[in-house]
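Novice: Protein chains in written order, with our numbering: chain A, 1 to 189; chain B, 1001 to 1422.
Please keep in mind that the hints were generated in silico from the structure rather than gathered at the bench. Beta carbons: idealized from backbone N, C-alpha and C, even for Gly. It is possible that some hints are incorrect.
[As the list claims (entries may be wrong)] The calculated BS3-like cross-link candidates involving lysine-lysine, where the alpha carbons are at most 25 Å apart (straight line), are:
#1 Lys147(A) x Lys158(A)
#2 Lys1293(B) x Lys147(A)
#3 Lys1360(B) x Lys158(A)
#4 Lys158(A) x Lys170(A)
#5 Lys170(A) x Lys120(A)
#6 Lys1306(B) x Lys147(A)
#7 Lys147(A) x Lys170(A)
#8 Lys1360(B) x Lys35(A)
#9 Lys120(A) x Lys158(A)
#10 Lys170(A) x Lys1293(B)
#11 Lys120(A) x Lys147(A)
#12 Lys170(A) x Lys35(A)
#13 Lys1306(B) x Lys170(A)
#14 Lys1306(B) x Lys1293(B)
[Said to hold, decoys possible] Cβ-Cβ distance ranges computed for the label pairs, FRET-style:
#15 Asn141(A) x Asp1232(B): 35 to 45 Å
#16 Lys1306(B) x Arg149(A): 31 to 41 Å
#17 Gly1332(B) x Asn141(A): 55 to 65 Å
#18 Lys120(A) x Arg1359(B): 35 to 45 Å
#19 Phe57(A) x Gly1309(B): 39 to 49 Å
#20 Gly1332(B) x Phe57(A): 51 to 61 Å
[Unchecked claim] To be clear about the criterion: a stretch of chain A counts as covered by chain B if any three or more of its residues have a C-beta under 8 Å from a C-beta of chain B, and this derived list gives those stretches:
#21 60 to 66
#22 158 to 170
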Amino acid sequence: MATQQAQVRTVDNGVNVEALLGAREALTAAPEGAKFTWRATCNWINGTHSATTVRGFFGLGEEQSHRTEFRFDADHPEIFASEDNGATPVEIVLAGLAGCLTAGIAAVAQNRNIQLRSVKATLEGGMDLQGILGIDSDVRNGFDGIKVRYEIDADASKEEIEALVAQSQKRSAVYDIITNPTAVTVTVA
Amino acid sequence: MFERAGRVDVVVIGAGHSGLAVSHCLAARSIEHVVLERGGVANSWRRERWDSLRLLTPNWLSRLPGYAWTGPDPDGYMSVHEVVSFIAGYASVIRAPVLTGTTVTRVEPLPGGGFLVVTDRGPWRCRALVVASGAANLPVVPAVSAGIPRRIRQLTAHEYRNPGQLEPGGVLVVGASATGVQLADEIRRAGHEVMLAVGEHVRLPRVYRGRDIQWWMHAAGILDDRYDQVDDLQRVRRLPSPQLVGARERVLMDLNALSDRGVRLVGRLAGVRDGRLLFSGSLANVCALADLKMQRLLATLDEWAKRNGFGGEGERFPATRVPRPQLELDLGGGAIRTILWATGYRPDYAWLAVPVLDRKGMIRHDGGIADWPGLYVTGLPFLRRRKSSFIHGAGDDAHDIAAHLAHYLSGVARTAAARKAG
């Protein structure tokens, strides 16, 4: 193959790719450490308002902890006769998807030596309320589809940016959780 | 020739193109060996492939060390029958020491080095062993198959021969490798309704800029990419075969072509729940990934063409058309009578009692040099080069492995001599 001019370019998207690649190598050798458990605790407050917090999780063979506790208030808007103390749970799902895909884009861009300047995602989840209201059993409760539109300004061609977005979906946990079935077990203590 | 079991320097297991290429390279180094074959030469090609299969590479590219294809149609693609003749012809021309009808039932390491190779026709003892038993011994069927209701017939590509085996009614083909797309196409042409469940796949045009895509890959040196120089070896070794068919008309066998012929595309088969198949919502992305990767490859070929004085421009292919998503299929509706698993193959090492298998049951190796002294493996995807899984890729790998093996045997001999002298 032809010689290519060496491109020396310092890209910083704030992602420590060396650490990620190191983790990949380490966990290939010790796959037990790769088994993580994520947790959340939810308390009902009043009406449709609840607050979910996350702090501890399990991974690398031991208990881990976030730097601080994070809280997510969920509620419904006033047109649902609610007090609107927080995002609707389905909006939190969109936030999860956006956060996951966007983190992936930054990581893949760093790995491919692409400097990002701005990344903005706009998400839409369509839903027919006849499902959750039990009006029509042929209508599902959840989204009938999710649309994600990225506007990305980066030192890269259109094809390279499209490839970033595609690769990020391929490696995204939340994208997988949404596009593929997951067994959910709910018990009462 | 060897009439019965005994001692030999090297045992090669498998008389397919890879094992025979190794045999040729060992013979060139005057290394005593025997090739054990459970059936006849090229056994898997004789017994474990569907009727219409043809090679994905054109005839002119079919070559083995000391042997080249000769025939009237260099741009054609060998049928299974022709592949068997080609490989059997090779065995005969190189006078390979093949023992056919000899099934290896167990291989164990011997204390002090070497191996005991137990067969149904007596044991062999050898100093080095080359596993050339193939990459596609067993069909891989995903765990979701266990949840499929009994009234649906399940069949693997390993068992499939032709559409005549199928009951009337719809067929779901799972997997969009070369196997999946070819079978979906053939079964659709036979008049069945066909759904194709598509996960990650490799899209390639059969013809690019007027030449077979394999010509370009070969000429540009892409097929020679080495295993120790690619970014993610595990990924490239797992890549499904490209969506190609070895048809003389050089037809395009991509997902758009299948859609045009009435094959319904759905996402990866992700689960079965309450008698319903659940398809992944990732179809658009796996198609986008395959389109982007194909465009990158074609751009690489264009650059190579330009540097090497080829005029003209490369054509571009339309993006894969993704149908309106279908995420479920009620098996009770009767639309699907048969599920055909084209979800890949794996080698069978049940007989290998050498502690060299990883947690996935694959031999731990570095470019075919296994993680056990004197043990080698060949004929696996991207073993040492991108072309390793092709017939024409066997030669270079066999040459490298024979060189390492010769060095190993002489080292063993030196050690033994030193021990004796001391």
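Novice: Now tell me if each hint is right for this structure.
Specialist: These are the hints, each one checked on the structure:
1. Lys147(A) x Lys158(A): holds, 20 Å
2. Lys1293(B) x Lys147(A): Holds. Lys1293(B) to Lys147(A) sits at ~23 Å (cutoff 25 Å).
3. Lys1360(B) x Lys158(A): Not satisfied, since the Cα-Cα distance of roughly 38 Å exceeds 25 Å.
4. Lys158(A) x Lys170(A): holds, 19 Å
5. Lys170(A) x Lys120(A): holds, 19 Å
6. Lys1306(B) x Lys147(A): The hint is violated at about 40 Å.
7. Lys147(A) x Lys170(A): Given pair Lys147(A), Lys170(A) holds - Cα atoms ~16 Å apart, limit 25 Å.
8. Lys1360(B) x Lys35(A): holds, 17 Å
9. Lys120(A) x Lys158(A): holds, 15 Å
10. Lys170(A) x Lys1293(B): Given pair Lys170(A), Lys1293(B) holds - Cα atoms ~13 Å apart, limit 25 Å.
11. Lys120(A) x Lys147(A): holds, 14 Å
12. Lys170(A) x Lys35(A): Measuring from Cα to Cα gives roughly 20 Å; hence the hint holds.
13. Lys1306(B) x Lys170(A): The hint is violated at about 33 Å.
14. Lys1306(B) x Lys1293(B): holds, 20 Å
15. Asn141(A) x Asp1232(B): 35 to 45 Å: Taking Cβ atoms as reference, Asn141(A) and Asp1232(B) lie about 39 Å apart, which means the hint holds.
16. Lys1306(B) x Arg149(A): 31 to 41 Å: holds, 35 Å
17. Gly1332(B) x Asn141(A): 55 to 65 Å: violated, 22 Å
18. Lys120(A) x Arg1359(B): 35 to 45 Å: holds, 42 Å
19. Phe57(A) x Gly1309(B): 39 to 49 Å: Distance hint for Phe57(A), Gly1309(B) is violated at roughly 59 Å.
20. Gly1332(B) x Phe57(A): 51 to 61 Å: Because 41 Å falls outside the window, the suggested range is violated.
21. 60 to 66: violated (count 0)
22. 158 to 170: holds (count 7)
Hint compliance for this structure: hints 3, 6, 13, 17, 19, 20 and 21 are broken, all remaining hints hold.
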